[in-house]
Every structure is written in structure tokens, then in C-alpha cells.
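*Asks:* Using the sequences provided together with the hints, build the complete structure.
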Amino acid sequence: MEKLSLKNDTAKASKDRLIKLEHDLGALKQKQQELNEQWENEKILMNRVRSIKEEIDRVNLEMEAAEREYNLNRAAELKYGTLMSLQRQLEEAEKSLADYRKSGKSLLREEVTDLDIAEIVSRWTGIPLSNLQQTEREKLVLLEKVLHKRVVGQDMAVKSVADAIRRSRAGLSDPNRPIASFMFMGPTGVGKTELAKALAGYLFNTENALVRIDMSEYMEKHAVSRLVGAPPGYVGYEEGGQLTEVVRRRPYSVVLFDEIEKAHHDVFNILLQLLDDGRITDSQGRTVSFTNTVLIMTSNIGSHYILETLRNTQDSKDAVYDVMKRQVVELARQTFRPEFMNRIDEYIVFQPLDSKQIRKIVEIQLNRVKDRLKQKNINICYTEEAIKLLAALGFDPNFGARPVKRVIQQMVENEIAMGILRGDIKDEDTIILDHIPSAEDVPSQNRLCIRKMENSAMDAMVAND
1 MEKLSLKNDT AKASKDRLIK LEHDLGALKQ KQQELNEQWE NEKILMNRVR
51 SIKEEIDRVN LEMEAAEREY NLNRAAELKY GTLMSLQRQL EEAEKSLADY
101 RKSGKSLLRE EVTDLDIAEI VSRWTGIPLS NLQQTEREKL VLLEKVLHKR
151 VVGQDMAVKS VADAIRRSRA GLSDPNRPIA SFMFMGPTGV GKTELAKALA
201 GYLFNTENAL VRIDMSEYME KHAVSRLVGA PPGYVGYEEG GQLTEVVRRR
251 PYSVVLFDEI EKAHHDVFNI LLQLLDDGRI TDSQGRTVSF TNTVLIMTSN
301 IGSHYILETL RNTQDSKDAV YDVMKRQVVE LARQTFRPEF MNRIDEYIVF
351 QPLDSKQIRK IVEIQLNRVK DRLKQKNINI CYTEEAIKLL AALGFDPNFG
401 ARPVKRVIQQ MVENEIAMGI LRGDIKDEDT IILDHIPSAE DVPSQNRLCI
451 RKMENSAMDA MVAND
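First residue of the sequence shown? That's 1 in full-length UniProt numbering, and the numbers climb one at a time after it.
No wet-lab data here; the hints were simulated from the structure. Built from N, CA and C at the ideal position, the CB exists for glycine as well. Incorrect hints may appear among the rest.
Listed next, the in silico DMTMM-like pairs over lysine to aspartate or glutamate satisfying Cα-Cα at most 20 Å (straight line) [unchecked claim]:
#, residue 1, residue 2
1, K262, E207
2, K370, D434
3, K405, E385
4, K370, D354
5, K197, E144
6, K159, E144
7, K43, E92
8, K374, E428
9, K95, E55
10, K370, D427
11, K360, D434
12, K197, D214
13, K221, E261
14, K79, E111
15, K388, E363
16, K95, E111
17, K370, E384
18, K356, E194
19, K95, E54
20, K405, D354
21, K105, E54
22, K53, E94
23, K197, E111
24, K95, D174
25, K452, D434
26, K370, E428
27, K360, E385
Cβ pair distances, simulated, as ranges [what the hints assert, rightly or not]:
#, residue 1, residue 2, range
28, E363, P175, 35 to 43 Å
29, E259, N36, 53 to 61 Å
30, K31, E55, 34 to 42 Å
31, E239, E55, 52 to 60 Å
32, P251, R447, 50 to 58 Å
33, R137, E207, 20 to 28 Å
34, K20, I56, 51 to 59 Å
*Replies:* Encoded structure:
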């Protein structure tokens with residue numbers, strides 16, 4: 001279908017894609033022919049082994065019948081003649097099959113292995129294959145390093161999360177409770193949700209393992225039942241709960257309760273059972289286990305205090321972190337019930353981001369834009385001054401990293417999109433992001449410049465690869 005549609009398209013990108021597609025199709029057909037030949041050869045060898053074994057079974061039965069009838073001449077003929085000949089043929093056929101499989105060309109198996117079973121169970125349950133086959137030691141050792149690639153400026157938070165996960169996986173935590181439970185507290189846009197996404201993606205191999213529950217949808221008492229399912233006789237009874245049904249189908253997941261302070265107090269009755277026993281019974285009487293989940297609750301409680309504390313102190317963020325954390329946790333204790341707070345494994349306070357960390361986030365966001373443009377055969381380079389300019393425009397201590405994404409959308413993505421639609425930016429072009437200093441050299445009046453790299457300069461410049 002793609003080949004037929006590309007034939008009618010005259011664009012250069014479509015022609016290049018058609019050439020590549022035809023080349024790939026030719027290679028795939030050649031590969032298919034080779035695999036078919038390998039499959040046929042191995043099947044012939046396997047069928048020969050199977051037919052000889054069947055013939056040996058038939059001869060054995062005939063020999064036993066001859067012995068029961070005292071036809072000793074026939075029995076001896078079968079035992080020392082036919083049977084021995086078949087056994088020699090079987091040895092030769094099995095040796096040929098074994099040699100073929102040792103060559104690395106084997107495509108067929110007569111038995112089901114533990115790996116086959118593990119792959120099927122993984123597809124059904126969403127349990128990562130690595131968890132079924134081997135321990136997670138390597139993953140847990142590298143957990144902090146991987147999380148830091150996505151979460152910027154939250155060293156304390158990342159370390160606390162990694163330590164709690166390692167304690168649980170090392171067998172030091174209660175096996176009848178969730179893997180770990182956290183309360184993330186801090187201002188908006190500092191990486192609370194991003195850390196949850198990164199944790200799900202690394203521990204369970206996909207960000208789809210993140211189950212996000214927006215607690216602003218559960219502010220009313222009647223909405224609480226949606227978590228575990230509607231009672232019998234009510235609309236939606238057969239659909240299951242929005243929380244229990246997802247975890248029942250994907251038991252290995254990270255469950256994020258976003259803005260937990262907005263939830264109705266009846267929600268906490270459900271969470272108490274979940275945190276204490278690691279299970280919930282849904283509206284249909286099914287017990288759903290949460291022992292393989294990581295529970296994360298986010299809250300903006302104490303955000304104002306965090307921002308004010310750092311604004312009014314001359315000390316570094318790390319120096320005042322412990323005092324700030326105690327105050328924020330105390331505010332949380334005044335908001336939530338004691339029995340709920342006592343069941344949470346770790347309280348993690350996120351710090352506001354500074355300008356240096358915002359620059360790193362700008363670079364991460366630009367790399368994501370770069371990856372998307374690569375799919376269109378367009379390359380993008382950027383200078384250090386461009387990063388500083390975007391970071392300065394997107395820096396707001398009260399809103400964290402969220403303004404950065406808006407600035408990049410408005411100043412970078414919108415301009416590139418218009419260039420592509422106007423035809424100014426074409427396939428295989430290279431775009432450079434730079435800044436234009438103001439005439440008075442005032443940093444706040446600098447402007448972002450997006451230009452194409454000339455062909456003569458492409459080979460001479462290497463940037464951001």
C-alpha cells in the first residue's frame with residue numbers, strides 16, 4: 001500500500017522513500033527465500049527422524065507379537081535385521097539434524113522451552129520478560145543514573161526513590177505491601193510527574209506502565225466508587241474500577257495519584273487498605289493485588305513555604321533542605337489523617353529549579369525536537385547562546401520547567417513548522433538555532449535566530465551530535 005501511494009507522489013522525499021522501500025522489499029524477499037529454504041531443509045530432517053522413530057515403534061510391536069506367537073524366526077529377523085538397520089538410520093538422521101542446528105540456521109523446535117512460556121505470560125500480564133527470567137540487579141544498580149537523565153536538579157528525590165526501590169527488591173520490605181509508596185511534595189513543574197514516568201519506563205520497560213489517576217476527579221463522595229467499580233445494579237457495574245481494572249490487567253505498574261490533597265476523604269479509606277495489605281477487592285468481588293506496584297502520591301502542599309524559604313535565604317538549597325523538608329512534612333501531617341501518613345514509606349520534597357538546571361532542561365527538550373525532525377530527514381543544531389536565551393525566557397521559579405516547553409513551542413517549533421509549510425525548510429536541510437544580540441547589548445532584548453546552514457558549511461561544522 002505504501003509503495004502504491006508513493007508512486008503517485010512527486011516530492012523528493014517520497015521518491016527517496018520509494019527507492020529505499022523497493023531496496024528493502026528486495027532484501028526482504030531474498031531473506032524470505034533463504035529462510036524458506038532453511039525451514040524446508042530442517043523440516044525434511046525432522047520428518048525423517050520422526051518417520052524412522054515411528055517405523056521402529058511399529059517393528060517393536062510386530063516383534064513382540066511374533067514372540068507371543070512363538071514365531072521365533074520372524075522375531076529374530078526383526079530384532080537383528082530390520083530393527084538394527086533402523087537404529088543405524090536413526091543415529092545418522094539425528095546426527096544430521098544436530099549438526100544442522102549447531103550451524104545456527106535452526107528455525108524449528110519440537111519442544112516448548114521456558115523462554116516460550118515466559119514470552120506468552122509477559123504478553124498476557126504485562127510483566128516484563130526480564131522479571132520472569134532473571135533478577136533486576138543490574139537495573140537497580142543503575143537506577144539513579146538512568147533517572148538523572150530525565151529528572152534534572154532533584155538529587156535528593158532521585159536518591160530517596162532509588163534507595164526505597166532497592167530495599168524492596170532486596171527483600172528487606174514487607175512482601176505483602178506494594179513495592180514502595182511515596183508522597184512527592186513540591187511546587188509545580190519541578191519534576192514530580194516526570195520522575196514517575198521515568199521510573200515506570202525503566203523498571204517496567206514502558207511508560208504505559210504508568211497509571212495516572214487525577215484526584216481532582218474524585219472530589220465528590222459519589223465519584224469515589226469509580227476507583228473500585230460501581231456497586232451492583234448501577235450503571236458501569238460490569239466495567240470494573242478505573243484503578244482496580246487497570247492494575248488487574250497490568251500488575252507491574254507505577255500508580256500515580258496526582259494532587260492527592262484534592263481527593264474526597266473517603267478515597268483515603270481505600271488507600272489505607274491498599275497501603276497496608278497490598279490488595280483491594282473490587283465491586284465484583286475480585287481481589288486485586290498491588291504488591292508489584294509502586295504507589296506515588298503528588299501534592300502541592302508546602303509549595304509556597306518552599307519558594308519563600310529559598311527566596312529569603314543566602315544558603316544553598318542543599319543546606320536548607322532538611323529544615324525545609326521537616327516543615328513541609330509537618331504541613332502534610334496537618335492536612336492528612338495520621339493513619340494515612342504513617343503508612344507511606346517515604347516523603348520526598350522537590351526543590352525549585354534554578355537557571356542552570358533550566359538550561360539543562362532546555363537542552364533535553366531541544367534534543368526531543370531534534371529526534372522528531374530526524375524522522376523528516378531534517379537536522380537541527382543549536383548554540384550555547386541559544387540555550388541560554390531560551391532558558392532565560394522560560395525561567396520562572398514559581399512555575400518550574402513548564403514555561404520552557406511553551407517557549408520552545410512558540411519560538412522554535414512554530415517557526416520550524418511555518419518554514420516546512422512554506423517550503424523554506426526541506427528534506428536533508430540543517431537548521432541552526434542561534435541568538436541575535438540587541439543593539440545595546442541588553443540580554444533581555446536578545447532574539448532567537450533560526451536559519452538554514454549553507455551546503456558549503458555543513459561539512460565543516462559538527463554540533464550537538
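*Asks:* All hints are to be evaluated individually against the structure, with a verdict given for each.
*Replies:* Cross-check of the supplied hints:
For the suggested pair K262 and E207, the alpha carbons sit about 25 Å apart, so the restraint of at most 20 Å is broken. Taking the CA atoms of K370 and D434, the gap is near 15 Å; set against the 20 Å cutoff, the hint holds. Among the hinted pairs, K405 with E385 is consistent with the structure: their alpha-carbon atoms are about 18 Å apart, no more than 20 Å. Between K370 and D354 the alpha-carbon distance is near 24 Å, which puts this suggested pair outside the 20 Å criterion.
In summary, the hint linking K197 to E144 is supported, as the alpha carbons are separated by about 14 Å, within the 20 Å threshold. For the given pair, K159 sits about 6 Å from E144 by alpha-carbon distance, which is consistent with the 20 Å threshold. For a cut-off of 20 Å, the pair hint linking K43 to E92 stands: about 16 Å separates their Cα positions. Proximity of K374 to E428 is assessed by CA-CA distance (about 9 Å); at most 20 Å being required, the pair is judged to hold.
Our distance criterion of 20 Å between C-alpha atoms is met by K95 and E55, whose separation comes to about 18 Å. Taking the CA atoms of K370 and D427, the gap is about 14 Å. The hint holds against a cut of 20 Å. Using a Cα cut-off of 20 Å, the hinted pair K360 and D434 holds, with the two alpha carbons roughly 17 Å apart. Of the supplied pair hints, the one linking K197 and D214 holds, its CA atoms being roughly 15 Å apart against a limit of 20 Å.
For the given pair, K221 sits about 14 Å from E261 by alpha-carbon distance, which is consistent with the 20 Å threshold. This hinted pair does not check out: K79 and E111 have alpha carbons roughly 30 Å apart, beyond 20 Å. With a CA separation close to 10 Å, the supplied pair K388 and E363 stays within the 20 Å bound. As the CA atoms of K95 and E111 are separated by approximately 18 Å, the hinted pair is consistent with the 20 Å bound.
Restraint check for K370 and E384: the C-alpha separation of about 16 Å stays at or below 20 Å, so the hint holds. A distance of roughly 18 Å separates the Cα atoms of K356 and E194; the hinted pair therefore holds under the 20 Å criterion. Using a Cα cut-off of 20 Å, the hinted pair K95 and E54 holds, with the two alpha carbons roughly 18 Å apart. Among the hinted pairs, K405 with D354 is consistent with the structure: their alpha-carbon atoms are about 16 Å apart, no more than 20 Å.
Using a Cα cut-off of 20 Å, the hinted pair K105 and E54 is violated, with the two alpha carbons roughly 26 Å apart. With a CA separation close to 11 Å, the supplied pair K53 and E94 stays within the 20 Å bound. Only pairs whose Cα atoms come within 20 Å are accepted, and K197 paired with E111 is rejected, the gap being roughly 39 Å. For the hint linking K95 to D174, the alpha-carbon distance of about 52 Å lies beyond 20 Å, and the restraint is violated.
A C-alpha spacing of about 11 Å is found between K452 and D434, which places the hinted pair at or below 20 Å, so the restraint holds. As the CA atoms of K370 and E428 are separated by approximately 13 Å, the hinted pair is consistent with the 20 Å bound. Distance check on the hinted pair: K360 and E385 sit about 13 Å apart at the alpha-carbon level, within 20 Å; holds. The beta-carbon spacing between E363 and P175, approximately 41 Å, falls within the hinted interval of 35 to 43 Å.
Range check, E259 to N36: about 57 Å between beta-carbon atoms, so the 53 to 61 Å window is met. The hinted range of 34 to 42 Å is satisfied by K31 and E55, whose Cβ atoms lie roughly 36 Å apart. Distance hint check for E239 and E55: the Cβ-Cβ separation is about 58 Å, which falls inside the suggested range of 52 to 60 Å. Between P251 and R447, the C-beta spacing of about 52 Å keeps the proposed range 50 to 58 Å intact.
Between R137 and E207 the C-beta distance comes to about 23 Å, which sits within the given range of 20 to 28 Å. In this structure the supplied range 51 to 59 Å holds for K20 paired with I56, their Cβ-Cβ distance being about 54 Å.
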